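Please construct the entire structure, taking both the sequences and the accompanying hints into account.
So the protein sequences, as listed, match chains A and E.
The first sequence begins at 3 in my numbering and counts up one residue at a time.
The second sequence begins at 405 in my numbering and counts up one residue at a time.
For the record, the hints were derived by calculation from the structure and aren't laboratory data.
Be aware that one or more of the hints could be misleading.
Claimed, not checked - Calculated lysine to any residue pairs in the SDA-like style (CA-CA distance at most 20 Å, straight line):
{"#": "1", "chain 1": "E", "residue 1": "Lys430", "chain 2": "A", "residue 2": "Asn158"}
{"#": "2", "chain 1": "E", "residue 1": "Lys452", "chain 2": "A", "residue 2": "Arg183"}
{"#": "3", "chain 1": "A", "residue 1": "Lys61", "chain 2": "E", "residue 2": "Lys464"}
{"#": "4", "chain 1": "A", "residue 1": "Lys61", "chain 2": "E", "residue 2": "Lys430"}
{"#": "5", "chain 1": "A", "residue 1": "Lys61", "chain 2": "A", "residue 2": "Ala130"}
{"#": "6", "chain 1": "E", "residue 1": "Lys444", "chain 2": "A", "residue 2": "Ser187"}
{"#": "7", "chain 1": "A", "residue 1": "Lys61", "chain 2": "A", "residue 2": "Ala131"}
{"#": "8", "chain 1": "E", "residue 1": "Lys464", "chain 2": "A", "residue 2": "Gly154"}
{"#": "9", "chain 1": "E", "residue 1": "Lys698", "chain 2": "A", "residue 2": "Asp82"}
{"#": "10", "chain 1": "A", "residue 1": "Lys61", "chain 2": "E", "residue 2": "Gln477"}
{"#": "11", "chain 1": "E", "residue 1": "Lys452", "chain 2": "E", "residue 2": "Val465"}
{"#": "12", "chain 1": "E", "residue 1": "Lys452", "chain 2": "A", "residue 2": "Thr51"}
In this text, all values refer to a predicted model and were calculated from it rather than measured experimentally.
Okay, here's what each chain looks like letter by letter:
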Amino acid sequence: MDEALLIKDAMRGDLDAFNRLVLAYQQMAFNLAYRMLNDDAAAEDATQTAFISAYRNLKQYRGGSFRAWVMRMVTNACYDELRRRQRRPSVSLEPVSAEDDEEIESPAWLADHNPQPDEEMETRELEAAIQHCIQDLPEEFRAVVILVDIQGMDYNEVSQAIGKPLGTIKSRVARARLRLRECLSGFVELLPSKFRLGKEAEIG
Amino acid sequence: MKEQLNSNDLILLSAYLDGEVNPREKARVEALLQSDQQAKEIYESLLKTKTVLRNAPLRKVPRNFTLSAAVVQPRRPLILIPALRFSSVLATLVAVWMFIGQLLPGWSARPFLASEPVTEMQAVSEAETERTFALPSDSQQTPPVVYWGGPPQPPATGMGGAGIAPGCPDAFCGGAPDVPYAEGRGGGSEEPTFKAQGMPAAGEGAIQLNPVPTQIEPLPLEGSGPILGVRPAEEAGKALPTPTTSQPVPAGQVEEPLLVESGGESTRPDAGLLAGAGLLLLAAGLWLVSVLLKRKIS
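Below, the structure written as structure tokens:
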């Protein structure tokens, strides 16, 4: 895939060329949105909004990392959604027991009746633990650590995607990692032994 | 934070993990890792944290996010949208303008009654206003005194009092505080009979003006409502006839002092126009800025 050529064609209005770029980056975009918003449906909406916005504002692209430019669109869509949530807090749609008005913790309609291998279950639990710790981070730390540690972007790209100077990115990555380290140490039993932090590794 | 390392050291350790340090910083971090055991432990824990995050499973995309021509169809921009975006600002400015207008002395000095028809206020002619302003100064020094139940008795007889009941405000009990009391007891042999005059009942006792000469020309009293001088509704809208020279005040009617607005009438339109023009200019400027900003953003 010649990215530069596709971008050039897309800037001329070639929707097919742009859609090929979408297919290349949609996995990264959706995962970033999901980690930011912790909600599948909201992440879907944010990703779609980001790609529409990217297509409409393609003429604003001035070169550099196209991936970072697209991630910037996604990050902005996620910030918009987070601000909207703060303005209008949503009501939980969890099913409520008719008897005591309490939420049903494991509703039957959510249960997966397929047999779950242990490994898959552990992976899911680890994934839930990571997501829990990421959600505990402030928004500005969250975006940076997702882009650097999960998406594997370098600091320059993240600086471009977030719109902050390189020094700010360095500082935020370090602080986010220190916070995550503290949080993940509470889920030591979920971590594979080689990933266990500090003294827990010796115990494990 | 329990670590003794300062925040710069921690940032450097984290950046070293990602290879985002320059050669000088790299040398400094490597020296720190060799000399400081605590720094080494923190570095290892940060490395493991990064590894855990890097190995976090990716979520599968629920669907393709490719765009269709219908989705990206360019929308026709509405010209009114940028202006409407500032409608709340405009409303606030207008509200502030009206509030300031209430505070300015020349804008709302004249009190308005809710029941007062506008036409009635317009009926007050310029001639009346000028005539009232043209009153000599001495007439203002001797305002008319109103007596209830007729003029007071001559003060020189009897006990010399003017019949003021104790504990009763003189102006309401028939007394005339402006008239000097006779000093000492007079030569009258009769036992003085003290008789306080109360407020006359409705319809009894004509109100008379005191005989103090004044230059004020009485105006005819209009209307019969509880508020003197306010004409009934059926007369609303009719022009008030300009009173000629001194007309006798009919009994039972009291002259209403004319309330005249003092100045400011001629400056109101100018100030209002200026403020309005300023607001319009401001609104136009805001609209222009919004359009420019929108173009720049898009």
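ask   = Do the alpha carbons of E/Lys444 and A/Ser187 lie within 20 Å of each other, as the hint requires?
value = Holds, at roughly 18 Å.
Given pair status - A/Thr51, E/Lys452, alpha carbons within 20 Å = violated, 35 Å
Hint consistency between A/Lys61 and E/Gln477 [alpha-carbon to alpha-carbon, up to 20 Å] = holds, 16 Å
ask   = Taking only the CA atoms, is the gap from E/Lys464 to A/Gly154 under or equal to 20 Å?
value = At roughly 17 Å apart (the allowed maximum being 20 Å), A/Gly154 and E/Lys464 satisfy the hint.
Satisfaction of hint between E/Val465 and E/Lys452, Cα-Cα up to 20 Å = The given pair, whose Cα atoms are some 27 Å apart, is violated under the 20 Å limit.
ask   = Is the straight-line distance between the alpha-carbon of A/Lys61 and that of A/Ala130 20 Å or less?
value = violated, 39 Å
key: Satisfaction of hint between A/Asp82 and E/Lys698, Cα-Cα up to 20 Å   = holds, 18 Å
inquiry  = With the threshold set at 20 Å, check whether the alpha-carbon distance from E/Lys452 to A/Arg183 stays at or below it.
reply    = holds, 9 Å
message = Against the 20 Å threshold, does the CA-CA distance of A/Lys61 and E/Lys430 hold or violate the hint?
response = violated, 39 Å
inquiry  = Next pair to validate is A/Lys61 with E/Lys464; report whether the Cα-Cα distance is within 20 Å.
reply    = violated, 30 Å
ask   = Between E/Lys430 and A/Asn158, is the straight-line Cα distance small enough, at 20 Å or below?
value = holds, 18 Å
query = Taking only the CA atoms, is the gap from A/Lys61 to A/Ala131 under or equal to 20 Å?
reply = violated, 40 Å
Checked against the numbered hints listed earlier, the structure breaks hints 3, 4, 5, 7, 11, 12; every other hint is satisfied.
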